[in-house]
Amino acid sequence: MSHGFDTMASYMPSGAPLPAPAPDGLDAAFWEGTRNHRLLVQRCKACGTFQFGPEWICHRCRSPQIGWHECSGRGKVYAFERVWHPVHSALRERVPYLIVLIELPDAGNVRMIGNLLGDPQQNVQIGDEVEVAWEDHEDVTLTQWRLVAGK
Amino acid sequence: MTDYSIKDKVTIVGIGETRYYKAGQAPVSEFQLALEAIQKAVADAGLRIEDVDGFASYSDDRNDPTRLAGALGIPQIQFSNMHWGGGGGGMAGAVGNAAAAIVAGYAKHVVAFRALAQGQFGRFGQGHAGARVRGAQAYTAPYGLMSPAQMFAMRTQRFMYEHNISQEALAGIALASYKHAQRNPRAIMYGRPLTREAYDNSRWIVEPFHLFDCCQENDGSAAVVLTTTERARDLPHKPVYLMAAAQGSGYRQWVTAHNDPDYATSNFKTLAPRLFGMAGITPQDVDVAQIYENFTGGVLMSIVEHGFCTADEAEAFCTRGNLEWPEGNLPINTSGGNLAEAYMHGLELVLEGVRQLRGDSTCQVKDARVCLVAAGPMVSPVSNLLLRN
Ligand SMILES: [Zn+2]
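Protein chains in written order, with this note's numbering: chain L, 58 to 208; chain Z, 4 to 392.
Pulled out of the complex, with its shape left as it was, chain Z reads as follows (with noise of 0.2 Å):
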């Protein structure tokens, strides 16, 4: 039988970022900044420029390959991929993508990445209507729904409503990552711990999103270098292969004016038997969970579809420190994540997946072994990621 899974054929070789500033604040242009996280990514996998052959990106990233390989003088791109969706549903998706043309022969050493410079560009977390809104905005913008935020607080309030979960399990996702954050010099958080009291002293942005429910913004870019395993094996660290990717959604999630058929979802659903079905594991065999936080209630969602919990068990499993590093059961978002290391559109996450992996994290999981990664939750489309070492 022809195996047409990537399973283990393709191997995350090197992982570069720039310093992440606060949004706006980044003292070079976003050009400049993806080309510092790509040569740093490169460079780290022990490679030349001059191998990388294909670049994968997501949520329009304004960095088309064309323009990177003409200043970084590549000589020739064999693979150019952008992911559909905003946000960053497509993280792990363009890190599936450049693994299915590594293992298509497309391309050898893909870079996979994603900078933003927000002072530059604008930035995500502001309205954006203007007098007269046409299409699926005009469902939705006249009555002040307009930021992401606005989005995913509705779907939030409904999940908790439906399975009976209180404020305590957002802020037990909250309070993981800034934890994390205070091990990390990387992270913007580092030397701003967060504690339940400030957590629930913090205004509301729209209920159940406290300030510390919501992501920060940031300026930065992040990189990752994947290759065939075999290529892999000459190189300098210890592989790091990717089990499994998926990407997509369920049935007609974001159809327009809030019509999800299935509402209060992460749009997990569909994926994550897929991704443990082409990995061969179970959630049971995973270590430590990287997880996109836009807002903490995709979280939540997340780690429900996932499998790790039932919604019923959702509030008990993100309280009381099961999600921190080192007592939890499941640490998350080690790093600090979006919320406390730095929103590089999740991209991040995937580094530090990378880290845990090593051995390299600042909260190395024990003998860690297989790291998720999900990437979007309740956008459309999703994706995600098994790692293993």
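Same shape as in the complex, but just chain L (with noise of 0.2 Å):
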């Protein structure tokens, strides 16, 4: 979903950690892509491999010829959870919250966490469709992600 701006409240309260990129740039692309609203996990140059978090390498054939592939946006539950108990003191007002595993189908069924906007106590099940939802803050953008409607 390169397209479309949608901004929206955080899912998370202030105080809550935020993302920086790493030191040593090696996910400067992820995040600034993040904030122009591209989904981008790394691609083998080489042989094609997908993967996220980002390496310096391929895993799979070790080349350091490491480009960056722009997702759909579009996934799938892989897992979720439902947290209760906040161990964050910028949460203790927020809970409960939902957490997410996707898996991108058009990635190579790479991974990622993000939070299932909407209400907490929505009913969620493995397998369900999703698409992300960009969440803007002051210098770095967050991958949410809502049920697609009507799957």
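Source of the hints: derived by calculation from the structure; they are not laboratory data.
Just so it is clear, the structure is predicted and the values come from calculations on it, not from any experiment.
A virtual CB, placed ideally from N, CA and C, is assigned to each residue, including glycine.
No incorrect hints appear here.
To be clear about the criterion: a stretch of chain Z counts as covered by chain L if any three or more of its residues have a C-beta under 8 Å from a C-beta of chain L, and this derived list gives those stretches:
#1 143-149
#2 156-169
#3 199-210
#4 249-262
Heads up, incomplete: computed chain L residues facing chain Z, CB under 10 Å, no partners named:
#5 VAL144
#6 LEU158
#7 ARG168
#8 THR200
These two chains come separately, so use the hints to put the complex back together.
Written as structure tokens, this is what we have:
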């Protein structure tokens, strides 16, 4: 979903941790991608293998020639969990919330963690279809997910 | 043919532990706890402190061998070893490393130990994320995935989905540990039995883990002493032989953002065949098992991956008292384990394995000959042991 500017309130309250690019530059392209509402994962230029999180070389053929592949933004729920006990002071009033592990069938089934937008008590099933939703913060953008209606 | 295996060449000859405390309640420092457990283990072995010549630990234990040796007046250190990995994944690995050092001739009397004082140093179950997180944490913590319970519930949920396993199996594992703790005066949960109703009514930490699916956090220390099987013949206790030890991890386990190709696993699939192969026995030969409960879901997967049942049989295997002493087919965590005895990052499970094989457990399995100890589950690396008498 690189099109469509989809702004929303953040899923987590302010004070929750926010990501920053790694100091060694390994995931700079990924975070720059989310900033531009493009979902990028690594793809080996030599053998075509997808990988996420980023690595310096391809785990299959060890080539250092790694490119970035733009995903469609469609995925499937691989696993999920509803959190009731907050372990971070900023989340004390936020529970329950839903964390999902999403697999991306158009990118070698690599997976990403996110939150499932909407009612935290909604019925979720493994295999449910989702699409990415961009959560813009001042200097970084998170990848969130929502169920695809009428699946 | 040269036999490179450690099988039966090393014996656990001494065990020792401090009193166990609720997290933050130890009246002395972590280092003092370590000193006490080590001295008790050496005394139990019938050895002198001066005999100790090596130390092995795990999980970045803060009590390093140089300081221990200085405080204890140990004449020389010949082996000091830290097993990589957090939590309890290296618990059996530390014992295995001690054994390897003895077989290699580096040292003769090696102590494997763990000490924890969380009031002094902070707790494990909390999120420690700062305002900005980088690297692997950047893909999880902003979404509220920070604690061990949250990391492992996701894997457990997937495993239960793949094999159609209900909450019953997790409850069965928790109830077994609590039942066994009621006979063990050392256990933090001694005198605090858990009913099925209380389990069901306990709050969710993160689905599918209720409060009672999660390990405690405790203060204390535990230690074991290992030496050669030849030397052990002169020492007071019935020998407990190390039949086999394994450590390691499967293919790309714990790559970032939960991308392990084989996700819903305790990570014992590659270790268990090596362990049983070294020992030359099968899972059917195991009389009692001590399986690290960080969370019940990891025990469930460990039982399957050590070959005690298939995943599709796992719910039946873990319920109806099958894991409970004395009637169950595979009593597990017979001291109460991490859930109900104490969370010494699992080292208390090695001590309990030794007790079973000496005939000293408070839930003594009749004629116990072989005990499995499994450390870690769902982390990387994991480790395991087979002990026999
Ligand atoms: Zn490649």
